[in-house]
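**Q** Residues per chain are reported as follows:
There are 4 protein chains.
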Amino acid sequence: MTHVFGRHFLQIPGPSPVPDRVLRAMSAQVIDHRGPEFGELGLKARAGMKTIFKTQQDVIIYPSSGTGAWEAALANVLKEGDRVLMYETGHFATLWKKMAEKLGVRAEFIGGDWRSGADPDQIEQHLRADTGHEIKAVCVVHNETSTGSVSPIADVRRAMDAAGHPALLMVDTISGLASIDFRFDEWGIDVAVSGSQKGLMLPPGISFNAVSGKALEAAKNNGMRRSYWDWQEMVEINGKGYFPYTPATNMLYGLVEAIDMLHEEGLDTVFARHQRLAAATRAAVRAWGLEVLCNRQGHESGVLTTVMMPEGHSADAFRAEALRHYNISLGSGLSKVADKVFRIGHLGDINDLTLVGALSGVEMALSKARVPHEKGGVAAAMEHLESTPAPGIDA
Amino acid sequence: MTHVFGRHFLQIPGPSPVPDRVLRAMSAQVIDHRGPEFGELGLKARAGMKTIFKTQQDVIIYPSSGTGAWEAALANVLKEGDRVLMYETGHFATLWKKMAEKLGVRAEFIGGDWRSGADPDQIEQHLRADTGHEIKAVCVVHNETSTGSVSPIADVRRAMDAAGHPALLMVDTISGLASIDFRFDEWGIDVAVSGSQKGLMLPPGISFNAVSGKALEAAKNNGMRRSYWDWQEMVEINGKGYFPYTPATNMLYGLVEAIDMLHEEGLDTVFARHQRLAAATRAAVRAWGLEVLCNRQGHESGVLTTVMMPEGHSADAFRAEALRHYNISLGSGLSKVADKVFRIGHLGDINDLTLVGALSGVEMALSKARVPHEKGGVAAAMEHLESTPAPGIDA
Amino acid sequence: MTHVFGRHFLQIPGPSPVPDRVLRAMSAQVIDHRGPEFGELGLKARAGMKTIFKTQQDVIIYPSSGTGAWEAALANVLKEGDRVLMYETGHFATLWKKMAEKLGVRAEFIGGDWRSGADPDQIEQHLRADTGHEIKAVCVVHNETSTGSVSPIADVRRAMDAAGHPALLMVDTISGLASIDFRFDEWGIDVAVSGSQKGLMLPPGISFNAVSGKALEAAKNNGMRRSYWDWQEMVEINGKGYFPYTPATNMLYGLVEAIDMLHEEGLDTVFARHQRLAAATRAAVRAWGLEVLCNRQGHESGVLTTVMMPEGHSADAFRAEALRHYNISLGSGLSKVADKVFRIGHLGDINDLTLVGALSGVEMALSKARVPHEKGGVAAAMEHLESTPAPGIDA
Amino acid sequence: MTHVFGRHFLQIPGPSPVPDRVLRAMSAQVIDHRGPEFGELGLKARAGMKTIFKTQQDVIIYPSSGTGAWEAALANVLKEGDRVLMYETGHFATLWKKMAEKLGVRAEFIGGDWRSGADPDQIEQHLRADTGHEIKAVCVVHNETSTGSVSPIADVRRAMDAAGHPALLMVDTISGLASIDFRFDEWGIDVAVSGSQKGLMLPPGISFNAVSGKALEAAKNNGMRRSYWDWQEMVEINGKGYFPYTPATNMLYGLVEAIDMLHEEGLDTVFARHQRLAAATRAAVRAWGLEVLCNRQGHESGVLTTVMMPEGHSADAFRAEALRHYNISLGSGLSKVADKVFRIGHLGDINDLTLVGALSGVEMALSKARVPHEKGGVAAAMEHLESTPAPGIDA
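In order, the protein sequences belong to chains A, B, C and D. Using the UniProt record's numbering, you'd call the opening residue of the first sequence number 1 and step up by one each time. Using the UniProt record's numbering, you'd call the opening residue of the second sequence number 1 and step up by one each time. Using the UniProt record's numbering, you'd call the opening residue of the third sequence number 1 and step up by one each time. Using the UniProt record's numbering, you'd call the opening residue of the fourth sequence number 1 and step up by one each time.
Think of the hints as simulated: they come from the structure by calculation, not from any bench. Among the hints, a few may not be true.
You can't tell identical chains apart in this list, so a pair holds if it fits in one copy or across any two.
Unchecked claim - Under the rule of at most 30 Å between Cα atoms (straight-line distance), these lysine-lysine pairs were calculated in the BS3-like manner:
| id | residue 1 | residue 2 |
| --- | --- | --- |
| 1 | Lys368 | Lys240 |
| 2 | Lys79 | Lys220 |
| 3 | Lys54 | Lys340 |
| 4 | Lys136 | Lys375 |
| 5 | Lys240 | Lys98 |
| 6 | Lys102 | Lys240 |
| 7 | Lys54 | Lys136 |
| 8 | Lys44 | Lys214 |
| 9 | Lys220 | Lys98 |
| 10 | Lys136 | Lys98 |
| 11 | Lys50 | Lys240 |
| 12 | Lys54 | Lys97 |
| 13 | Lys336 | Lys240 |
| 14 | Lys340 | Lys98 |
| 15 | Lys240 | Lys97 |
| 16 | Lys79 | Lys102 |
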């Protein structure tokens with residue numbers, strides 16, 4: 001290891017740095033998952049997650065990564081041959097679609113250029129064309145982790161309603177939840193998918209399905225053959241705080257602590273903090289003379305910013321240099337933007353000074369890696385931070 | 001909480017107490033799951049698990065509970081309508097069979113009375129009858145966590161070979177691995193299923209499939225539609241220490257530490273320690289005038305001991321009293337032995353004095369709960385401990 | 001290391017095992033010792049310690065071991081040539097006296113046989129003889145850690161009052177505080193000395209002086225040349241939660257947590273728990289046919305029990321065997337009882353089952369080391385535990 | 001608390017941030033301080049500290065803050081009425097002198113303006129004047145934590161030799177050790193004083209005296225009445241890894257880990273890293289148009305940089321704003337520079353990006369607090385970092 005001293009800057013768009021409080025909470029001894037103390041923990045975790053999803057309906061917690069919760073969402077309401085409408089916002093939307101196909105679902109994929117979130121109009125058109133209402137679900141990624149674009153979920157719901165289509169609305173908010181605005185009930189979502197290692201600031205290892213009554217009903221006589229991912233048994237047993245199979249106890253310790261922290265700051269303040277840091281990051285990118293991948297105004301993510309490399313320069317060589325020299329991990333470009341972009345995560349346990357430190361790492365590494373750019377990104381970010389009120393502090 | 005002070009005795013047959021060293025290892029900050037440091041971690045974890053399974057073949061690590069690894073085993077090699085031979089050793093064998101059925105597999109279930117491990121002769125008979133070799137797999141639970149009986153896996157393999165049957169041998173060693181003898185390659189196992197929260201002394205949250213080349217081959221053009229549990233993609237990417245989806249990083253920190261500890265003591269010493277503590281526990285049960293559920297000599301588990309309650313006495317009321325008064329968690333009877341037995345876990349991070357402390361809790365709680373019994377169980381256990389060499393110390 | 005697995009039984013009379021909650025509290029990042037957050041911590045720690053000492057007067061916290069707080073007590077109110085009355089309860093009383101002499105104080109030492117606490121009558125006689133009131137302080141050890149005898153401090157105060165003597169009453173309650181009854185104000189104590197690593201269940205590293213107004217006044221124009229130990233500067237700056245030199249921040253985190261735990265259980269319950277476990281330990285010793293060093297009824301300590309070895313047997317050889325074989329640390333005999341006694345600590349973070357585990361270690365190690373004894377100590381302890389109500393549970 | 005999320009920037013010149021590795025090491029359970037495992041720990045700690053002080057002579061470890069080690073240094077070799085030469089480098093030199101006076105030592109104080117380290121020529125002159133060799137010791141602060149100036153210790157030794165004076169050379173390197181170059185043996189130091197919470201990156205709570213054979217000899221028949229601080233008993237018992245009174249066990253766990261880390265990076269690289277970060281900090285200060293307190297070239301500290309506030313502006317109001325708004329703790333001005341300067345700590349567990357983050361906090365807080373300054377300090381620091389090789393990375 002080159003870097004013995006000084007904090008590593010983990011600036012990938014998740015896993016995000018785990019706050020010390022959460023790591024400490026997780027380091028408590030494991031308990032009997034069928035005992036009374038666990039019951040209280042389980043109830044607290046589930047109730048807490050409802051406040052984060054902003055739902056009065058059900059939340060299911062899986063011991064799995066977010067990918068598992070994707071599969072759970074599909075497996076409970078879709079069966080082989082079912083049609084589903086998906087939207088190509090980027091790499092993860094594409095992976096979700098491939099998973100659907102692997103599971104035998106016929107996915108219709110609205111193409112995208114990876115530079116914006118989903119377009120509700122196209123979804124509406126597509127649904128209107130499905131006069132037989134064969135499409136069972138519309139699947140949209142809320143915050144596309146591979147690109148840093150956000151889909152307007154409330155507008156997607158409005159589009160579905162305008163089309164008068166009964167499909168379920170399924171939303172991947174793995175990297176959006178608890179960092180940017182998300183409202184399960186108000187936005188009329190049927191199934192939401194999330195994970196622990198992004199806005200919830202836990203290590204990876206548990207994942208979530210928020211499930212509407214309508215989706216739960218649909219699952220009863222539908223879906224694929226399934227066992228581990230089955231909602232029904234979960235919902236029955238969860239009522240008393242327990243789980244049908246051994247839960248990831250220490251992750252739940254951390255989850256409860258993280259939820260407490262989010263409410264201590266206040267969700268609105270959390271969201272505003274992310275937006276402000278994201279804007280500062282974009283200011284830095286512009287000052288460097290580089291381009292942000294998301295080119296649709298209003299769709300820029302509060303969670304991460306994806307930066308396009310100048311033609312002929314390797315993003316991965318740049319990232320390796322940043323890691324080697326400045327002890328900062330940046331996110332790589334995935335599949336069709338591999339080596340062409342890098343991603344700066346600015347989510348979770350982050351504040352003004354950490355962001356500036358991270359951006360200085362990017363700026364200095366651009367030099368080290370001889371990537372053509374203008375100086376001044378850090379200064380531009382600082383200027384943005386100084387000129388905008390800090391949520392929870394100035395307000 | 002009644003008990004503010006003094007250590008809780010977590011004497012359920014898993015999750016077992018997590019050693020401080022492991023909890024501390026797990027409390028390290030999360031890292032980039034695509035970075036070079038992670039690659040080393042992943043390789044170390046996988047290589048380490050091969051030494052624990054005693055295999056040169058493949059080990060796959062899932063972010064899931066053991067139940068997920070059950071499903072993975074089934075989903076990769078079986079498809080709807082396939083026939084499989086399973087053996088009713090207890091509650092967990094029954095659950096695995098129900099899972100198989102839920103997934104559409106036709107499970108033939110050799111009945112058992114929950115008081116011993118699987119009988120290789122019956123398996124042989126059953127396989128001989130399957131002259132068309134339609135049975136695709138034989139599924140046996142190595143250490144039945146609900147009863148404390150161990151199946152003689154090497155003998156099962158011999159029985160299969162004697163029958164000349166090509167079925168795969170799939171073994172659930174969720175609670176056996178790293179506590180009692182297990183030899184994947186030598187015993188000719190094709191798929192082994194395990195979890196983190198038993199002999200590996202981690203919190204629940206990751207699970208394992210050890211997979212033979214034959215099983216891997218079978219999976220290629222077989223099995224159910226699957227994504228999360230698919231071996232193929234795992235095996236391809238694991239080679240460099242990475243995973244196809246976000247792994248449970250901090251659990252891997254703990255895993256590597258736990259494997260180090262197991263090798264520091266030496267696996268044979270680990271196994272001998274468990275056997276000796278189990279024998280001491282059975283001596284205590286006999287001295288109390290109570291009966292051990294496992295009544296087949298040689299099948300008694302080194303991991304846990306299940307104790308039958310005297311007729312007319314509630315095991316659950318007894319356990320509640322033990323918890324309330326003595327701050328000890330004992331395992332409950334499950335499904336058909338519910339409230340009729342309790343289980344004493346003696347696995348993982350345990351030594352002579354912890355065991356005696358635990359047994360004294362049982363003995364005193366038997367009195368508190370007015371369960372008819374003789375005194376002297378603790379004394380009998382101590383006598384056993386004194387009269388037998390302590391592995392790694394006396395040897 | 002022979003013992004990789006299973007909990008070490010730390011049964012010395014301090015340092016006592018640190019509860020996980022306290023270790024976790026202490027593992028938080030250090031903060032600015034002059035910042036506002038620290039001020040709150042400092043105030044909380046000091047206010048909390050007042051509730052533990054049961055005083056409305058001053059408590060001073062030193063970054064030092066208990067030995068430092070001894071020196072502080074002496075240095076602030078005594079000067080070279082001053083006379084002081086001390087009482088030989090055992091090794092630590094003797095060490096305190098040697099320290100006084102090293103510092104130039106003339107210590108008069110009432111002899112004792114190390115088998116009981118201080119005798120108030122002798123103190124009264126001695127003080128009555130000092131008609132010129134030259135004796136500046138009476139120094140008594142509350143709980144003598146080397147022997148397991150407790151001095152009746154309230155009676156010592158009564159004796160001093162009966163003698164009409166104005167000397168200050170200085171009490172070493174390093175190992176008594178927070179385990180057995182202690183009442184600074186009610187008992188009329190002027191200076192109390194304590195440490196972190198006993199009933200407060202912290203690692204060693206901070207120590208305490210509780211100081212009466214009378215003692216503080218005496219210190220103003222008296223005492224030795226001193227700087228680090230000086231009360232005056234402490235008292236002035238402590239008012240706002242700060243310290244005149246850098247405090248042991250992380251120890252204070254732990255202290256605040258430990259005090260919370262003590263009040264969660266309730267101090268009276270804490271004391272009763274210790275008395276009951278001590279009585280169970282003495283029952284075990286009697287059953288072994290061995291003798292408890294403290295032979296004065298009513299003086300037996302709730303904190304530790306010192307056991308006399310049969311003539312011709314080495315206590316240290318026995319302790320080494322107990323450690324090697326059973327992973328239990330017992331306290332050694334000190335100075336004049338070296339190798340003749342061993343000490344069993346039963347203080348702090350301890351409960352019924354931990355105690356039985358520890359006693360089983362002693363009983364089995366007596367056999368291993370071929371020390372003549374009767375079996376049945378553990379059984380006798382269990383009988384005591386069963387037949388007496390458990391404080392906070394049965395009450 | 002305003003700041004729930006994001007790392008606090010602890011940029012005071014000690015306590016410095018404790019690395020996670022050290023916090024984890026410290027969170028291990030306490031052990032028997034008289035048992036064999038402790039002996040190994042004690043030996044390791046002492047041997048390790050010798051490599052840090054660069055001495056073959058003795059190192060003594062006290063459970064106390066650095067102030068205690070000051071007192072120990074004085075108490076062991078000086079007695080009431082002894083003359084000692086001290087040098088006013090700043091607040092801490094002044095405090096040490098006051099302590100000496102409080103203890104009855106006659107301190108001669110060479111005045112200074114707090115803007116540089118000690119001047120060897122003045123020391124030489126002073127010693128030459130002491131023809132009777134009455135001065136027993138020369139006391140110099142190596143790194144003056146209140147000002148950020150470093151005294152040239154090797155030159156002080158040369159000056160003493162040039163004067164042919166036999167006084168002991170006593171050096172306070174509380175904040176210098178393990179951050180900037182220090183060579184006990186090579187520089188001919190007799191007593192060095194240090195603490196845990198600076199370059200050693202531990203919480204406060206233990207302190208050190210490195211002691212030459214000459215000083216040890218001097219202490220034998222000299223010094224004040226002393227007990228806690230007495231070297232003799234320490235040195236005797238330390239030989240086997242034990243201590244005359246209960247040591248701060250968990251701090252020693254952390255110490256051993258921290259020493260390992262320092263040697264992993266290599267002491268020379270550690271020193272070079274500090275110098276480079278310090279130079280970057282001074283570049284920032286200059287760019288802001290502010291003045292560094294230390295105005296003697298070559299005396300600027302690698303540990304901290306003290307910045308003078310523009311006339312009429314309160315440093316404390318500025319620091320409060322920095323804390324409130326940017327979650328950064330800066331050091332205050334002490335005594336005669338109170339409210340006139342602030343101090344930026346850049347020591348211990350720090351790297352390029354953390355420093356830039358910290359400096360951005362200063363720069364933005366200067367704006368918030370309306371302190372007149374130029375922009376561009378952060379940019380200047382980055383430029384320095386880019387244009388100079390990073391020790392251990394580029395070399």
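**Q** Each hint needs a verdict: does it hold in this structure or not?
**A** To see whether the hints hold, each was checked on the structure:
no., hint, verdict
1, Lys368 x Lys240, "between (56 Å within a copy, 28 Å between copies)"
2, Lys79 x Lys220, "both (12 Å within a copy, 22 Å between copies)"
3, Lys54 x Lys340, "neither (37 Å within a copy, 43 Å between copies)"
4, Lys136 x Lys375, "neither (51 Å within a copy, 58 Å between copies)"
5, Lys240 x Lys98, "between (36 Å within a copy, 23 Å between copies)"
6, Lys102 x Lys240, "between (35 Å within a copy, 24 Å between copies)"
7, Lys54 x Lys136, "within (24 Å within a copy, 47 Å between copies)"
8, Lys44 x Lys214, "within (24 Å within a copy, 45 Å between copies)"
9, Lys220 x Lys98, "both (25 Å within a copy, 18 Å between copies)"
10, Lys136 x Lys98, "both (17 Å within a copy, 29 Å between copies)"
11, Lys50 x Lys240, "within (15 Å within a copy, 38 Å between copies)"
12, Lys54 x Lys97, "within (26 Å within a copy, 38 Å between copies)"
13, Lys336 x Lys240, "between (46 Å within a copy, 22 Å between copies)"
14, Lys340 x Lys98, "within (23 Å within a copy, 49 Å between copies)"
15, Lys240 x Lys97, "between (35 Å within a copy, 26 Å between copies)"
16, Lys79 x Lys102, "both (12 Å within a copy, 14 Å between copies)"
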